[in-house]
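Q: So the sequence lines, in the order shown, correspond to chains S, A, L and H. Per the working numbering, the first sequence starts with residue 1, numbered consecutively. Per the working numbering, the second sequence starts with residue 1, numbered consecutively. Per the working numbering, the third sequence starts with residue 1, numbered consecutively. Per the working numbering, the fourth sequence starts with residue 1, numbered consecutively.
Since the hints were made in silico from the structure, they are not lab data. Some hints here could point you the wrong way.
Claimed, not checked - Some chain S residues judged to face chain H by a derived CB distance under 7 Å, without partners named:
| id | residue |
| --- | --- |
| 1 | 34 |
| 2 | 36 |
| 3 | 314 |
| 4 | 351 |
| 5 | 352 |
| 6 | 355 |
Every residue, glycine too, gets a C-beta built ideally from N, C-alpha and C.
4 protein chains.
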Amino acid sequence: MPGNSIGQLFRLTTFGESHGAGIGGVVDGCPAGLRIDLEAVQHELDRRRPGSTTLGTARKEPDRLEVLSGVYEGITMGTPIAFVIRNADARSRDYDALKEVYRPGHADKTWEDKYGVRDHRGGGRSSARETAARVVGGAIARQVLNGSGVQVHAHVSQVGAVRSNVRLAELDFAMTWSNAVRTADPAAVRPMTELIEEVRADGDSIGGRITCSITGVPAGLGDPVFDKLHADLGKAMLSINAVKGFAIGNGFDSIAMRGSENNDAITPAGNSTNRAGGIQGGISNGEDIIFEVAFKPVSTIAKAQETVDRAGKAVVLEAAGRHDPCVVPRAVPIVEAMACLVLVDHLLRQRTARL
Amino acid sequence: MPGNSIGQLFRLTTFGESHGAGIGGVVDGCPAGLRIDLEAVQHELDRRRPGSTTLGTARKEPDRLEVLSGVYEGITMGTPIAFVIRNADARSRDYDALKEVYRPGHADKTWEDKYGVRDHRGGGRSSARETAARVVGGAIARQVLNGSGVQVHAHVSQVGAVRSNVRLAELDFAMTWSNAVRTADPAAVRPMTELIEEVRADGDSIGGRITCSITGVPAGLGDPVFDKLHADLGKAMLSINAVKGFAIGNGFDSIAMRGSENNDAITPAGNSTNRAGGIQGGISNGEDIIFEVAFKPVSTIAKAQETVDRAGKAVVLEAAGRHDPCVVPRAVPIVEAMACLVLVDHLLRQRTARL
Amino acid sequence: MPGNSIGQLFRLTTFGESHGAGIGGVVDGCPAGLRIDLEAVQHELDRRRPGSTTLGTARKEPDRLEVLSGVYEGITMGTPIAFVIRNADARSRDYDALKEVYRPGHADKTWEDKYGVRDHRGGGRSSARETAARVVGGAIARQVLNGSGVQVHAHVSQVGAVRSNVRLAELDFAMTWSNAVRTADPAAVRPMTELIEEVRADGDSIGGRITCSITGVPAGLGDPVFDKLHADLGKAMLSINAVKGFAIGNGFDSIAMRGSENNDAITPAGNSTNRAGGIQGGISNGEDIIFEVAFKPVSTIAKAQETVDRAGKAVVLEAAGRHDPCVVPRAVPIVEAMACLVLVDHLLRQRTARL
Amino acid sequence: MPGNSIGQLFRLTTFGESHGAGIGGVVDGCPAGLRIDLEAVQHELDRRRPGSTTLGTARKEPDRLEVLSGVYEGITMGTPIAFVIRNADARSRDYDALKEVYRPGHADKTWEDKYGVRDHRGGGRSSARETAARVVGGAIARQVLNGSGVQVHAHVSQVGAVRSNVRLAELDFAMTWSNAVRTADPAAVRPMTELIEEVRADGDSIGGRITCSITGVPAGLGDPVFDKLHADLGKAMLSINAVKGFAIGNGFDSIAMRGSENNDAITPAGNSTNRAGGIQGGISNGEDIIFEVAFKPVSTIAKAQETVDRAGKAVVLEAAGRHDPCVVPRAVPIVEAMACLVLVDHLLRQRTARL
């Protein structure tokens, strides 16, 4: 089926382009009978909004959520929940210069290679603005998860070479939202912030890492062959703009380890360690699910770059548009949203696993 | 839908348990009219077989492919291609001791948490033996890709701390199959081999990394929102037993980079570099697709380990069964197979992208 | 997956309730590069609108289509085409009396049995108003079909016992839209109209039949096991409100026939007859596709009816709301829309059937 | 996705050609923990077998079911249940004459139009032999339904012009299997049998009707927009070879009825009548589900017929192969199987409808 949907039983379909009428989506499969808090959904949306952190762009997008269906008297009806966020402050003329030029690191040329046509304004549908719809879907998913005690928390664990070394269990995730860089590690706030400011001043950008912790997950979630729980989480994360890598548990570090070091001993009180990251054989084991997501530096920079125009001629691009020097602060709600979507889908799938 | 299928248009469904009647699968959606070389499929299957490398287990599994449908007079009919590989040398009694005990690092406990029942013999369906069916499906996919000039090559780029530093473009992938460790880097063969032998002598296991290169990919493959080409590749890889991480292009290294370093300049002759790994915005850009897969050390080791039995009582496990000290040599054909499956699916999907 | 989507490659997802903010949908998988005529889409929507025929209800619903995404400068972008039709003239208070009562023949009680909750206003999502979104999706599908020469025409072939006996090939389908009853048979207009008026005067309703003819279909469409072309058409038709039966070709009449009477002889110039209705073994054979759809009489009538309230107590219902005495005149565009959706989906699927 | 699968959560994929190695399938999504009776499955398979009724062909196909996976110690494991039925008595040479000729009424020409290639032996995959795999899948589904009290019974209600007029509630469905014509109406056995024998003597064939009754269905099954319960039943039935029509409840008879006659009054003790056939708005209402399926006369007849060869030249076909003069006696288990598959799928889907 076409690629604008995710989830088997709790399915989000998104639509919309950066400079079209709006961005939105349809959640199909949300169980009936959920008392839904739309203000909480709007609150999550606000966290993703440009301008929500002082380290981001100066764009002002009010991003008001309008729900078109599926909720009556504050209760989900079992019917599709459609929503739209109207676009505003879309200065399309800013992008006129890009109509004939492909930006390095962006999807401008590949979209045109694929479809033969392209909406060049702000990246069209390849814009990270699409993720606003994911945040709404994820926020609805989170409200279903709440009833099951599943909690999803992400934070920025690395910006450039500045890495937080605090163990997740020692973090207070409430802190994430108190600083512009969106890290839950108090010691990391300042060096991360300074690095981003420095990079911005250089007209450049920098990569980052987001770590996510999911607590309260019942054992047994995940379909253990192709739809392993971490495989679905991995796909969800890799589908976010600018993501280049995904690791579950000790991930790439496990390469250099021995089995005797890496296995989690099982004890009557649960696993003694959690190197697996909460998933074994694709199925949740009841421990916290822990994974990491690598984001590349934002492709739009103020520095001049070599590229070609649509005629294939070499040109030098001086960046236009307004962009973040580092994407991870604004990507934290998106990582959480995608994790919520995957978890709720597998929570529903598990209802059919046994007679 | 249930989780034993992968692919939208070229769909592989696998079935079978380690010690049941056999392992097999159904490929639905293989285009009609392909002259299929079943010996070549068997050849790929042989590469994955236990005993295929001197560094693996001593098990002898003949793994003879039987095709049940879909091929007539050597040509695919457009109908499902079903196949089965009968199990043999399945010494189920070896596993009697495991009926009441959960092996650390394995899916024994989580499968039982999920389904309430478990086939404990050799891990049942959680056994890596299931991947034999993936290799068959991937080998069929590869024959479709051949007609489009797409070539998929993987090799072992790291075992434990021993890492190959040769650039992919300089490797001769034909070399991969000439050594038991399955690396295309001549300088890595010996240290990798020695490390695996050392680990085996210790009764332990070690992790590894596989790097995959896909050449000849036309620009335009990938569905650019949730089904980004690298998101589907990532899910496919993360669904392989023991995989803990996936990275496209420069992956986690991009975290510490600046945009001005990381962007690939576009020139009239193509991209000047390939840090993106051949995919931009989820769509292939015509460059080589390059990704890495991290494998944890094999969970089965000869050393004693703490665990619990089905009654929840602490016990010490002395490993039974026969296993590899390092999974990556045998996983190379599996990585290639999964990559072939994803590529052919998107090749077919691309046929419907334009009017 | 949840049940608000139809189609594999050209997929329509609909949303919305009768008295919520609006009705709408998302078309995912429309090929890029189609010059789309939104006025033509609005025109089809107008044909379905209450008040579009003098035989329908007095409700005035302007039903203005707003496209939210997927179209730029009049061209489809390959991205989802989302649209919404705002609800208006929704006199919800008309339905207050129905909050505690289940209407016979309607889905009031079954929806509540299923979901535990219900939006009673105008039937909520079970209202035929949902089909407005289908008409939009179908009208977009039709514009794709136009490029392939496929033409879809339906008309009312029966109202109550009044049946048109003209052979389809002799009909001028342009006539369908010139009369309120939506029949292409000039001789049937008057008796059908009189019957509907008589039934209306009685405060009653009457059933009907719609016959559909699809011309210009290339041979080879349809996936010949579970997704036979007529099986998908049948499901699409049976999913329309009030439909109770579907027949392809000579349908139920074939029961009493002998093979020697029923087989279509194949000649060098094509089939000599078309009893099969254009499909053989689930695959189009190049002849016209012909099928029939049976609609029950509208459940809402002015006469008093026995029913129960939510407490299970017997009550007598005097109908409220405004409804049609016969649904088929307004259902013609819906039948056409569903047929277009199925055809375009299989047209795209056929692109992947061969190497 | 490709068309050889049916069901969302309980999914059957079938494979195999009439004269290949065998026919089989994979059931994915069968809940774990079901004690499965494979003899009962074999028993249902035997009912469909050629030679199972004295009115069918003389072919002897032992049709022995082999289960390859998914069942351990008689219990379903939650993993895919794969099975194969080896082909035997496949006299392929009987079909040599058909290699270059298209049989009227069959899918010979359309398959070749679709795929460009064809396995002409016994119709290849278009053979009704494929339905053996459906019967196995349906028999497994039935064992899941048994635990919920859902009972599926079908019988032959019409052969040619001979129609049973007994109300379903008065039938003893156990009788169906006691006569070769597979009707539960004692009075119909003789005239139906005589008609089939007469048709056979003429070298001709005749159509028929199967009526199906499903009892014990809980209210609330069905996804009420596109996946209405009767829409999914309709598709399932229309996907059976030779089916030309489907009707739920009073079906085509409702066309000529008035709403005041057709509505089922709701009473505190349930509906007073069941004209709707157990489904309202696409959702089961707790009454018996009743539907009818129209089968055309078998296309293979002994009489000479006009057709063309692969070169497009007119030829006269004298039938070869061994076939039934009337398909409905052997189709009864197939109708039941497809109904079981649809019901169990919606039974599982309903588990996720509410919070």
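Q: A separate judgement is required for each hint: does it hold in the structure or not?
A: Here is how each hint holds up against the structure:
Annotation: residue 34 (chain S) was flagged as interfacial toward chain H, and the flag holds, the nearest CB pair being 5 Å apart, inside 7 Å. Annotation: interface hint on residue 36 (chain S) violated; nearest CB of chain H at approximately 11 Å, more than 7 Å. Using the Cβ-Cβ criterion of 7 Å, the hint placing residue 314 (chain S) at the interface with chain H is not satisfied: the shortest such distance is roughly 43 Å. For residue 351 (chain S), the shortest C-beta to C-beta distance to chain H is roughly 5 Å, which falls under 7 Å, so the interface hint holds.
Hint status for residue 352 (chain S): holds, given a least beta-carbon distance of 4 Å to chain H, under 7 Å. With its C-beta approaching chain H no nearer than about 4 Å, residue 355 (chain S) sits inside the 7 Å limit, and its interface hint holds.
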